[in-house]
Structure formats: structure tokens, C-alpha cells
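J.: Residue strings, one per chain:
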Amino acid sequence: MKKYSIVIFYLMVILLNSCTISSNKEKVQESQQKVNVYTHRHYAPDKELFEQFEKEQNIKVNVINASADELILKMENEGSQSPADVLITVDAGRLQRAKEKDLLQSINSDLLKSNIPDHLRDVDGHWFGLTKRSRVIVYSKDRVTKDQLSTYEALTDDQWLGKILIRSSGNIYNQSLMASMIANLGEEAAAQWAAGILKNMARPPKGSDRDQMKAVAAGVGDLAIVNTYYVGKLLNSPDSLERKVGQQMGIFFPNQEGRGTHINVSGAGVAKYAPNKANAIKFIEFLSSAAAQEIFSSSNFEYPVNTNVKISPLLQSWGTFKEDKLSLSTLGVLNKSAVLLFDQVGWK
Amino acid sequence: MTVLNIKGVTKSYKLDQKHVLSNFNFTLEKGEICAIIGESGAGKSTLLKLIAGLETSDSGTIVIDGKTVESASKFIAAENRGIGFVFQDFALFPHMSIKKNIGYGLSQFPDKTARVSEVLRMVGLESHGDRYPDELSGGEQQRIALARALAPHPKLLLLDEPFSNLDSELKSQIRNELFEIIKGTGVSCIFVTHDANDAISLANKIAVLDQGKVIQMGTSKELFDQPLTPAIARFFGGINIFSHEDFQRFKIELEKADFYGIRPEQIEYSLKPEKKSYSAIIIRETFHGLWRKYKVKLSNQIEVDMVVDAQVPIQGKEVFITLPPEHLLIFHKNERQGKV
Amino acid sequence: MSSSFYHNAKIDKKWSIITILIVLLFGIPLLTILLKLFSGPGESWQHIKEYLLLDYLFNSLFLMVACSAFTLTLGVIPAWLVSAYSFPFRKLLQWLLILPLAFPNYLTAYAYAGLFDYSGIYEQMMFKIFGLNRISHVDVMGIWGLAWVMSFSLYPYVYLSARSFFTHQSQIQMNAAKVLGASRFKAFYSIALPLARPAVVGGLLLVVMEVLGDYGSAYYYGVSTYTTAIFRSWFSLEEPETAVYLSAQLCMFILFLIVIERGLRRKKKYQFNSEHTRGLIKNKPKAHLQIIFIIIIMIPILLGFILPLIQMVYWASLTFKVVWSSSLVTTVWSSFYLSMMTALISTFISLFLIYAAKWSRSNVIKRLSSLPILGYSVPGAVIAVGIMIPTLIFDKWLVNITQVYFNWSIEFLINGTLIGLIFAYTVRFLAVAYHPIEASIQKAGIRFDQAAQMMGVQKWKRMLQINIPLNKLGLITGFLLVFVDTMKELPLTLLLKPFGIMTLSVKAFEYASDERIAETAVPALFIIITGLIPIFFLHRMINK
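Those protein sequences? They're chains P, Z and B, same order as listed.
Start counting at 1 in the first sequence, then tack on 710, and there's your number in this note's numbering.
Start counting at 1 in the second sequence, then tack on 3, and there's your number in this note's numbering.
Start counting at 1 in the third sequence, then tack on 1483, and there's your number in this note's numbering.
Don't read these hints as lab results, they were simulated from the structure.
Keep in mind that this is a model prediction, so the values were computed, not measured.
Hints may be right or wrong, so weigh each one.
[Said to hold, decoys possible] Straight-line distance between alpha carbons at most 20 Å, and here's what the computed SDA-like set of lysine to any residue pairs gives:
no., chain 1, residue 1, chain 2, residue 2
1, Z, K77, B, K1804
2, B, K1926, Z, M99
3, B, K1955, Z, G85
4, P, K954, B, F1599
5, B, K1496, Z, S246
6, B, K1804, P, P755
7, P, K954, B, K1849
8, P, K811, B, P1723
9, B, K1849, Z, S15
10, Z, K77, B, I1500
11, Z, K103, B, Q1941
12, Z, K158, B, Q1941
13, Z, K77, B, K1611
14, P, K1058, B, E1721
15, Z, K52, B, D1495
16, B, K1944, Z, A75
17, B, K1611, P, Q958
[As the list claims (entries may be wrong)] Listed below are several chain P residues computed to face chain B (Cβ distance under 10 Å; list not exhaustive):
no., residue
18, V773
19, R913
20, D921
21, Y940
22, K943
23, L945
24, P1023
25, S1027
26, G1029
All residues carry an ideal CB built from backbone N, CA and C; glycine is no exception.
Chain P extracted, bound-state conformation:
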């Protein structure tokens, strides 16, 4: 009897503990300076950067990792009690959504303004781009030559019938590309474009950006539409075969003659009810600094937003390109239309 009651007592203690885990954590750190970060990015280089920030500023970084959608939902639910200081997402569209839902606040920082070009941050200062990623065409160096390629629109040409690889429409990068199409060409032309790509697909859309490139290497198709840093990741993979795939890929920046290649940003904003607003601003300023931006570029193969930063040799080898200067807020605004259009043309 005694034995059992001890066990049960012990279990009760554990159970009660579980309720208090989260709140305790915060109490312990009450005295220390801190910043609570809700981030969709979960890359190893980010972690290094956060640690560096902690060391330099003596501000503890509490990270909460989840998809942007979930983070936004959480902030909405928490309302004014939200502990979030900074929201980081991997696309401008989600930041724009957060702004529309009144989850972010306007920040006026000269440092941020000088570090980040106008078109890569929100006009009202609600969010700031931190890294750029461009969605490009990669091709099999064996089967395709550079001069066969020109624009996103040209990919609908019949010469690419059964040759194009691209992932599903559920993916945010595709949604954002589609939103840029809508913004630049209008809904009808965008729908036609999507239908044209669908017609030319080598297989139904599936898998990740990496998978598209592997499929190109395997000969399933000749071209893929992917984000640039995935090429970098393949080239630096621990798996020798993946490295081989990366080496077979040529990179082409489309629409250089016209509006420029579609880009998106991974960015951050200060939460509306941020309890540590000053730290939050310091944190974003730090991430936009040259030192931090260099790490983004060299370790994660993303393009820095800070123009003072030299990009890594790998990115340099791909060459410079003209980027689509479309306001990134527009991508967020048009996101839902993009999703609906995808569904209508039947792009899964």
C-alpha cells in the first residue's frame, strides 16, 4: 500500500510539474534581459547567430520554432498576453499577413533603414527582409544550354513539353512566384501561365526543391524551378551523390531583360505586444548587420539584403542578377488569389 501511494504521489508531482514548466522558465529569467523569438527558420547557422547575439549584447534569446502559419495563429490567440517579441518567417507574404492581422508594430530604426534596401522592407516599418532568395530555373548542363532559356513565361512553350519539374502548389515559394505573376501580368495571364507550366510538367508536382533537382539529374525532366540556396545545399551535402547532383545543375536567372528574377525574403518584424521591444529592435538590427549577413550568405547560401556585404564565393560564381523590384507586400496580399488560381488550373 505504502509503495503504491509513494508511486502515485510521485506521479502527481510530475504531472503538476508539467503544468508549470513553461511559466517557470520565464520566471527564472525575469531578472535577465531577453528577447522572445518566434521563428519559422530552423537552420543551424541561425542558431550560431543567436548565440553570438547573446554573447555580444548579454540578452538571452528564447527561440520558439514552428511554421509561420502556426506562429501567426499562436500570436493571434495569445493577443495582448503574447510573450513574442520578434516574428521571423521565410517569406514576405506571411509577414504581410501578420501585419494585416495587426500582430506587428511599426519600427523606426535608421540603422535598419540604411542596412536594408527600401523594396526589401515594409513601407510602414512593420517588417524587414533579412535574407533574399531568388526562385530560378536550374537545368541539366548535359541536355540544355543557357541560350534556350529566357523567362518564366517562356517555359510554357511546347518545346519544354514533359521537361519541367516543379513542386506542388501548397509550397509557399510557388505561391509567392504565382503572386508575382498575378501582380505583373494580371490574373488571367497568370492563370494561363500556370496552365502552361502544368502542361509541360514532367510529372505531377511532388517532393521538395531538392527532389526536383534530383529528378533532373535522374533524367525525369530537363529543368526545374527552385530556390537558389537549395543548389548550394546540394553542393555542400554530406552525401557525395547529392553533391554530384548539384554539380550537374546549371543556374539561370530568368526575366533579366524585363522585370527581373522573382525574389522573396526571409524577414522579421517586431510583435505588436512585444514585452521587450528595445531588445527586439536590437536583435533585428544585429541580424541585418554585415557580420550576421555574411553568415547567412556563407552558411545558408542565401543572398544578403545588406548591400555592404560581400557575398560568398559560391553565390558569386552564379553571377549577379537583376531582381524583380515588385513590392514584397503585394506578394502577401495576393497570396490567397494565387492559391485559388492554382486550384482552378489543377496544379496540385
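Based on the hints, put chains Z and B in the right spot on chain P.
T.: This is chains Z and B only, laid out in the frame that chain P set:
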């Protein structure tokens, strides 16, 4: 003094089915040992569970030792009734030693260890206290189950088919031993059985249950000599039953009844015709050790069973039988009669 | 009912009220969802109906049918072979056949994607053998591949139910058929198979429930099903209303399947006295047949367990250094902790509900008490949605009143906390603990409890001293099964996990959706290894 008083208890399991017990009444006096007999489905086990508190009745009251344990407005749970119960399969806790098994219900006792030794001695298994149930023989388990039920000095002891799990050789020996113990403690006791020998040899009162009612209650002699129904008569041994029309053919003057019966042992016979005898032809003979059983066909076309001493078999094919009127049993249809 | 219930002296109020509270608590998520059927969908429903619904329906139904057919083949044939014949390694194979249960189907899906992609073993082998011949390319990432992958990870459900039937129930008829001179094969399809149907259908129902509730595999393979649609309409279309509406439809469909299965079982209840079952008399076939049997049995083991495991181990060797960090230890601990709490709570609630039913003198309570196990039939994503809605309302109300009356500002109590997550897990997995515990109690019988009751021992004491020790194996099995299921669970965890807490399954999913499929291997191996422990127990319990 009355230990148990059951008044108007009704119990049914499902609404659409008939009552397992209907308007049931029963009393047990202190020190009485009562056997409940009846066919399976007669409600014997249900009755025991109701008394124990393992089931609830639909209506009626149960009073144990002057205390109402169940009525429309009251229910005392089984664990609070102070009744001892010996289960059909003993239900000794397999993960506890014999001593722990017996002592398990004695938490209120001032001297638990002493009481455990005492009951162990009572059932003659002092040396087995540290063993586990699966190390004991069936008979030993039976005795431990009894010791465990008796240990807390119950006001009433209930036994559910206590001997059905024992080999028939052991059975009569253990049966007698156990009831010596029970009688020794003077506890009031009810046991359910389907074996007439159990009932006859152990109980000083037998209640016959049929379709949820007590149809006859009395000492074993009363039930044997004056069974109220053919079914009861049959329970205590073989019997020839005649319908009223058949019985007319014997031309015996007897009060008018729906059925008549006579036990095979009580049929008299001779090899020569006698006064009021009927000639009969033997159609089958079976040997049963101490006695022989004959099926004979009477001149009036009625077949009866009769039994004779195995040492003096009937010679020849023909025999003359007499039905002594003093041994003839009569049954009336207005009594509940069960199956004929 | 309530007044008669309250005034009935024969009903134990305390226990009845606790039972009713538990049933209500567990019923809330399901009721929330089902009520939404009547309040109508959101704006984008029209859009979904027009462009997507047919696809969702077709894919979900296709997967259901294809996986049923595959798992039947993969489950019943080996089950028959191991229970009707004797051959070398039979005992070992018999238990190896259950191992794919340790693999959550999304991990099998990742492993297959890896095996068949450009840098995978298959493609490289083909390359080495046939050179540049690309005709051999196998595209596993499609609906057929998905059906294949899920079948190989789910067939053990069918295998287990078929085998337990063959070994425990059918030997009388089978031996009779044998005496009558029927060949083994004939006896199999004309007697054992029809007799086993209700049992096999039970196993199949579990497969179908898993298939319909899957999110991880379908998402990764790009197949739109009802469950992926729930996520899509919630997040991409930003319409929780529509997500809930879809959930409700899915829920109705599964409840419909359950009703049908119950009906089937009631109609065709072949039950035999299982007192003296010693299994089929096993034939010893000729040597070459023995080899063929072993090969047939090895197919599901190889493709459902060994091959994916090799892929995972290979990946883990590549990525271990990158993935291994102190935060992974925390992740392992959170997974472990969550699974343990869920398993403990589920085990105790199951035990409580079963005995509350046995002890209750009210038929209403007896019937109510088994209702909470319905949660198992509801897909994880649907439960998450069903819990989020009412708990948000509750939490907001609580935050409000504490603010107004006590001027305390508190955080949410249930939504987005460990309590909420564990509650959701418990709703989902209660049945997983309930069934083995109930089976164990059924087998031991209620008589020990009644014996203790007759000795004047009160309920709680009986529970601790008699009922728990006597049903130890059933309790441990129930505990471990819930433990592993919680460890593997993905969609519900994705939606309800507190922020700042990471579990192994979510970690694996994140790596996969982050295009770092090789990195999934380390968390995956943790899940798989933990999953093997209860399988061992389960095997022992079945063989007992």
C-alpha cells in the same frame, strides 16, 4: 433470531425478459444451514449475489441481522455487509500467500496474525501459511477459501456451488470435513448446489427454487417424503410419474390428483400373482452395482421402472408388481410443478 | 433519467459522477466537430467543392481501397503460413512480421523516397548494372507509391488479427476439415478464411483509420487527401471554418465505417470456446516448399522493416554529427515525457472506466463508460481541431475573469500547453490502452475483485492491491502501446504542440519539409527503437 429476511424481492436482468426472481420471500434463522437447490436458471446464483450485495434487486427489501441492507431507499455495498462468501472457483488471490489471503479482510482486527493462525488451525492447514494458492491441491484450496471467508467472523456465510470444482472421490470426504467446521463455528449458512446428496447430508433446511420462487422449503426428510412437485421428487432420486388418466388404469382408490408418482425402490414385486398385483413383462434390465433396475410393461400397457437388490435378480420374463398406496405420491397442478 | 439517477440509492454517486465527467470531457472534441456539420462551412468551401473535393475524395477512397487490398495480402498469407505450417525460423519470423509497427508510416514514406530517388540505392544499383538506361526509374512519390508504403507499414494490424484468429479460434474446424481429407490449401480458403473474416475486418478497420488520418506521408508524397485538405484549408486558405467542416465529414465517414463493421461482426459472430485451444496442428511441408514459405514471409519483413531501416541507418550515419546537439537531447526528453504522461493517464483512465462500469449498478453508466474509446477512430488532425475550438473559448474566458476579478494576468491553461497536448493525446489513444486492459480483466474475471469485496475491502484499496497487480501484463501492454503511439503521432502534435517544445516526430517532419530528408533519420531511429520495446511485450502477451 432471524439472521436473514428477504421480503418481496424481484429481479430481472433485461426489461423484456421474465423475472429471475419474482416477489421472493425467504428467512433464515441463526445457526441454520440452508441449501438452495433448483435447476440451472432457477435464480439460485442470483439470489446469493443479491444477499451478498454483488447485484441489486429491482424491488423488495433484504434485512441481515436486523439491519436493512437493501430497500427502495437504501443500499449497503457488499464490502460493508459483513458476509462471508466462498466462490465456486475459490478466487484465492494468486499473488498473495495463504496467510495474506486469509488476513486480507482482517484490517479491522486487533490481532490479525493470531486470527489467521486460528482459522488455519481450524481447517488443519497450519503448516501451509506461507505457500501460494497454486501450490495447493483442490481440496486444500477449498479449505483455505472457507478459512478466508470465516476469518472475519461473518454474520452469514454464503457458498456458491462449493463442491462443483472437486473430483468426485474427494468430494464426499471434503464435504463432510467442511461442514463439520462450519457447524463448529455455529455460523448461519446458505449454500447453492445442484447435487441432492450435498443438500440431504449437510443442510438442516432445503429451499427448492423454480422460476424465481421458492416452491418448497423444509427438512430433507420432508422434501423426500412429501415433494410438492414431480420435479422436486425427481431431484431426490428416480421416480415413476403417472398422469391422471394413466393412473386410472391401476384402479387404486386415492384422492383425485393431476399426477401420481412412486419411487422405483418402493414398488413391490413377487413372482406369483397376488392380491392387487399387476402382471408385468420385463422389457429391459440394467445392472447398477448394488442393485438392478428393470423396466417392465404392465398388463395395462403402462411402463414403470423398479429396482431390486442386485444379489436376487428376477428369474424369468414375467413378474407381478404391487404399488403400496402408502408410498404413492400425489401432485396437484395448481401447485407450481415445474417440468413433468 | 437525472432525477431517478439522483434519487436511486443503489447507484454510487461519487463514481458515477466522475465517470460522467470523464465521458463528457472526452466527448467535447468530437461533439464540437460534429456540431460544425450543421453550422456550415466557410467561404472557400465553394472553391474547394468546385476544384478540389473530387480529388480529395478520389485519393482518399483510392488509398483506402488499395491499402486494404495490399494489407490483406501482406497480412493474411503470412499469418496463415506461420499458424498452419512448421518450418525453420517460424517462431522468429512470426515476431519479425510485427516489426513494421515500430515504423510510423511517414517515416517509411521518407525512407522509400530516399531509396528510390536519384541518389538512392535502387537508382545507383540500376546505374551500375545497366549504365545510363533510365527506363528503370521508379517514381515512388505518387499515389501508388503512397499506397505501397502505407501498406507495408500498416499490414501488421491485419496480420495480428488474422494470426490470433488462426491460432486461437479455428483449429477445431480446421482439424475437422483435415480429418475429412481436405488439402491444407482448400481448408484455408474454404474454411479458415471465411471464418476469419470478422477478425480480419477488425484489423482492416484499423488500417483504414490510419490511412485516412495520415498527414505526414501524403503531404510529403504530394497526394491531396481529406486530411491534407484540412491542413491546407486551415493554413493556406486561412479558413479554420472549412477545415472543421472537412473534419466533420471525415469523422462522419469513419463513424459510418465503424457502424458497418459492428454490424458485420454482430451478424457473423463465430465464437468458439477458447478454453482448450492449442492452435492448429502444424504441417511440415517439403523442403522446397519450406524455402518458398520463408521467402514469402520475408517479403513484408524486408520491404516493411529491414529496407527502410537500412536507409535510415545510412542517413543517420551521414547526418548524425549535424543533427546531434543538446537540443536533440531535449527533444528526446520531451517526446519521452509526453508519451509517458499520456500513457500513464490513459492507462489509469482506462482502468477507472472499466472498473467503474463493472462496479456501477446503473446500466446507463455501464454503457456510457466505453464511449471515450471512440476517440481512436477520429484522425489526429480532427481531434486537434475539435480540442482547439472549445479550449480557446475556455481559456479566453478564464484569462478574462481572472483579469477582471483578481487582476491577475495568466496564460492560457489548456490551449497550446502541455496539458492541452496530453489531453488531446489521451482522447486519441485511450482505446489503445483500454483494449488490452479490458481483455486482461475479462480473462482474469471479476471474481477476485468480488472476493476482496466480500472481505470488506473498499474500492480504492481493491484497485491497488488486487486489480492492478493481477492485471499487470495487460496494464503494461496498454501503457507501452500508448507510449509508442504518442511517440509516433504527427498531425495532432503539429497542431497542438506548445511552442518551445519539440518532439521527435515533429522534428523528423520539419527536417523532411525543410528538404533535409537525410536529417530525419536520427529522430526517426529514436522513434523506431522505442517502438520496438512494446512490440516485444505485445508479442509475449499474444503468445501467452
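J.: Does the structure break any of the earlier hints, and which numbers would those be?
T.: 1, 3, 5, 7, 13, 16, 23, 24, 25 and 26
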